[in-house]
Amino acid sequence: MTKAMAVYRKELRQISRDRRTLTTIIFVPAFFLLLYGYALNWDIRHVALAVQDRDVSPESRTLISAFVNSGYFDRVADVRTPAEIDRVINLNTARAALVIPEGFGRDLATGLTPQVQFIVDGDNANTATTVIGYAGNIVRGAGASLAPDAATPQPLVTVEPRIWYNPELRSTLFLVPGLIAYILMITAVISTALSIVREKESGTMEQVRMAPIDTFSFVVGKSIPYFFISLASAALIIVAAMTLFGLPMRGNWLSLLAALSLFIAGALGTGLLISTVAETQQVAFQAALLTSFLPTLMLSGFIFPISSMPNFLQLVTHIVPARYFLVALRGIVLKGTGLALLWPEMLALIIYALAMLTVAAARLAREKH
Amino acid sequence: MQRLRRLVWKEFLELRQNPRLFGLVIVAPIIQLTMLGYAATTDVRDVPVVVVDADRSPASRNLIARFDASRNFTVIDTVATIRDVDRYLQRGDAWIALAIPQGYGRGIQDGRSTALQIVADGSDSNSTTVALGYATALVGEYASLLVGPQDAAIDLRVRVWFNPELESRYFMIPGVLALLLLLVTANLAAMAIVREKELGTLEQLNVTPLRRWELIVGKLLPYGVIAFIDVLLVTAVAVLWFEVPFRGSFLLLLGTSLLYVLCTLGLGLFISTISDTQQQAMMTATFFFLTPMIYLSGFIFPIENMPRVIQYATYLIPLRYFLVIVRGIFLKGIGLDLLWPQAAALAAWGTVVLALAVARSRKRTA
Chain W
0 MTKAMAVYRK ELRQISRDRR TLTTIIFVPA FFLLLYGYAL NWDIRHVALA VQDRDVSPES
60 RTLISAFVNS GYFDRVADVR TPAEIDRVIN LNTARAALVI PEGFGRDLAT GLTPQVQFIV
120 DGDNANTATT VIGYAGNIVR GAGASLAPDA ATPQPLVTVE PRIWYNPELR STLFLVPGLI
180 AYILMITAVI STALSIVREK ESGTMEQVRM APIDTFSFVV GKSIPYFFIS LASAALIIVA
240 AMTLFGLPMR GNWLSLLAAL SLFIAGALGT GLLISTVAET QQVAFQAALL TSFLPTLMLS
300 GFIFPISSMP NFLQLVTHIV PARYFLVALR GIVLKGTGLA LLWPEMLALI IYALAMLTVA
360 AARLAREKH
Chain V
0 MQRLRRLVWK EFLELRQNPR LFGLVIVAPI IQLTMLGYAA TTDVRDVPVV VVDADRSPAS
60 RNLIARFDAS RNFTVIDTVA TIRDVDRYLQ RGDAWIALAI PQGYGRGIQD GRSTALQIVA
120 DGSDSNSTTV ALGYATALVG EYASLLVGPQ DAAIDLRVRV WFNPELESRY FMIPGVLALL
180 LLLVTANLAA MAIVREKELG TLEQLNVTPL RRWELIVGKL LPYGVIAFID VLLVTAVAVL
240 WFEVPFRGSF LLLLGTSLLY VLCTLGLGLF ISTISDTQQQ AMMTATFFFL TPMIYLSGFI
300 FPIENMPRVI QYATYLIPLR YFLVIVRGIF LKGIGLDLLW PQAAALAAWG TVVLALAVAR
360 SRKRTA
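In order, the protein sequences belong to chains W and V. Number 164 in numbering that gives the first Met the number 0 belongs to position 165 of the first sequence; there are no gaps in the numbering. Number 312 in numbering that gives the first Met the number 0 belongs to position 313 of the second sequence; there are no gaps in the numbering.
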């Protein structure tokens, strides 16, 4: 243990000399959370709408103002010809276009069903789906008020939605746990991976090999400083999220600490493993990018729902630790879920951390001889 | 020219000596593209549903079967009371619980209106919103089947341009091209230079008769070539494997990629002038440049949803312009007549960042 402490002290001294890296690891994550928590959301408002009103009647104006007053659409352009619609959508000035045909008001008055065209830029499928939904609702509402005779009778089955855990459906509450996982993964993996590869590059690894230190002490001593730095960074992020974004804490603090520690341990293990494979820091960085950041961003359920992925990819997500960490984190923080329900996730995190640390230690031990 | 060629050759030799790195810059983009191509769908499909059927009538089973048959939902379990729903939502095994009250079947027979209860897990706000929309639509359709067809007052004809099937892949994959170029070139270039600093060989290069610009061009050119190969590779996979439509001009894509790579390499050079160690370079690159660019460029999160101040800040991100360009070329088939402002922005950005980087590196060595 004294040997591990010696390595630990040496690493700590080295870290404290590089002030910029240290501040980057500790403070920047919290700053990012602020920036992204504030900037990112999926709530689609103010969709730029171009209008081609070929009727110019009180009825057509009612329909247009129904769009504008909904708060979902901003009328950015009035166009006359289909070619102009082409142009505004190609230029991204407008995301959607509403075309009201001639005779719209007259048809409504005589009880005919006028056809209204709604053109959507489908390049972002997600936004487009939502926008189509908005338009459908607005047109249905406007239709009911413009032609009350055609009003539909009370339907036999209705839906009463209730939303748990995040009743206002704020995207921040959903994104913050994901950001925590992402940021922790970057700091923990990069810092350990590089700290060992750097010793290889500068030749000091040879000296470490000659020194009477066993692999175990070396691994422990190398990773402990980064473990605490990452934990401090996580604590800072969570406090910032709670005070600034109203992230609730409905579960148990100890389970949260356990989940964080396990996840960080796994990430540090990944970093160590990368460092045993990579000979230069460039390779280490690319490997970290490929095995840690991108899976955490893409395959963890942070942004893209796992259940929508093809089956083989859903299988792959089982080896991404962030997947389990996110279920645990969202469960503990947002839902107040206890360990009685979350034990499979915790177990998966333990297995991942143990596997990474063991393989890394074994490879390091082999390199020594 | 002779000197420049030698330097480029040296840089390639160094890349070759490091076969892992060489493999990574070629293999990594393909793995990333495949991963991103399949994973990066924001489509919400097969939403897991848990059902509380308190009615247990043919009518309620009919409704459940409708949910299960829809490709938007998968019914994972049926439980007896609403209390049993808790564990499914808490663990995230189900996103939505559908509760059918007692007397539902009889109500339909008697023509009384019945309210179904849907409990949704709001922690994934985006998917939940979409899933709720699907559920409401499904129930609405079912309800109108029960009372027979009726006409709406206004017939809304929706036409979706460029991507009629609303495949989010078509939007994400061209974006991946832009992202990969940034990841590969900016980092590698920054680290290649800082590495020479760390090893002390930059000093040696400085005392050779190489001119400043030759040194910079020589260091950056190999990564430019790699970027060029990546563009070809990624475009091929996108079009041939993922069947993303390519409607524009390939030459225009190459030309604008060149402008963009100018920006990313310039960025790498700039990072190298403000870093002393590779660890610093990497941290600076990931935290201060790459992460903000990924999140704020419109790659995943639409810029128009961001607060005003941040929307203005996104004009500083070159990825933003290149995303408009690649998506425009791939999906919309538009040309330089519409894309020139973006191309000009890239050219300006690249020139400024290269000039800044060169100025800084000159001051340091002077």
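You may find that some hints are simply not true.
What the hints assert, rightly or not - Where chain W lies over chain V, by a calculated footprint (3+ residues, C-beta under 8 Å):
#1 79-90
#2 114-125
#3 190-199
#4 203-212
#5 249-262
#6 297-304
#7 345-356
Unchecked claim - Which chain V residues face chain W? A few, computed with CB under 7 Å, are given here:
#8 Y37
#9 A38
#10 V74
#11 R156
#12 M282
#13 R307
#14 I309
#15 L315
#16 L330
To be verified - Straight-line C-alpha distance at most 30 Å; calculated DSS-like pairs for lysine-lysine:
#17 K9/V - K2/W
#18 K199/W - K9/W
#19 K196/V - K9/V
#20 K196/V - K199/W
#21 K9/V - K9/W
#22 K2/W - K199/W
FYI, nobody ran anything at the bench for these hints, they're computed from the structure. Backbone N, C-alpha and C define an ideal beta-carbon position, used for all residues, glycine too.
Consistency of the hints with the structure:
1. 79-90: holds (count 4)
2. 114-125: holds (count 12)
3. 190-199: holds (count 5)
4. 203-212: n = 0 at 8 Å, threshold three: violated.
5. 249-262: violated (count 0)
6. 297-304: Three-residue rule met by the segment 297-304 of chain V, so holds; n is 5.
7. 345-356: violated (count 0)
8. Y37: With Cβ-Cβ at 5 Å, under 7 Å, it holds.
9. A38: holds (4 Å)
10. V74: With a minimum Cβ separation of about 13 Å from chain W (threshold 7 Å), the hint on V74/V is violated.
11. R156: holds (5 Å)
12. M282: Constraint on M282/V satisfied, holds at 5 Å.
13. R307: violated (11 Å)
14. I309: holds (4 Å)
15. L315: violated (13 Å)
16. L330: holds (5 Å)
17. K9/V - K2/W: violated (42 Å)
18. K199/W - K9/W: Cα-Cα ~16 Å, so holds.
19. K196/V - K9/V: holds (16 Å)
20. K196/V - K199/W: Holds - the C-alpha atoms of K199/W and K196/V are around 16 Å apart, at most 30 Å.
21. K9/V - K9/W: Not satisfied, since the Cα-Cα distance of roughly 36 Å exceeds 30 Å.
22. K2/W - K199/W: holds (20 Å)
Violated hints, in rising order: 4, 5, 7, 10, 13, 15, 17 and 21; the structure is consistent with all others.
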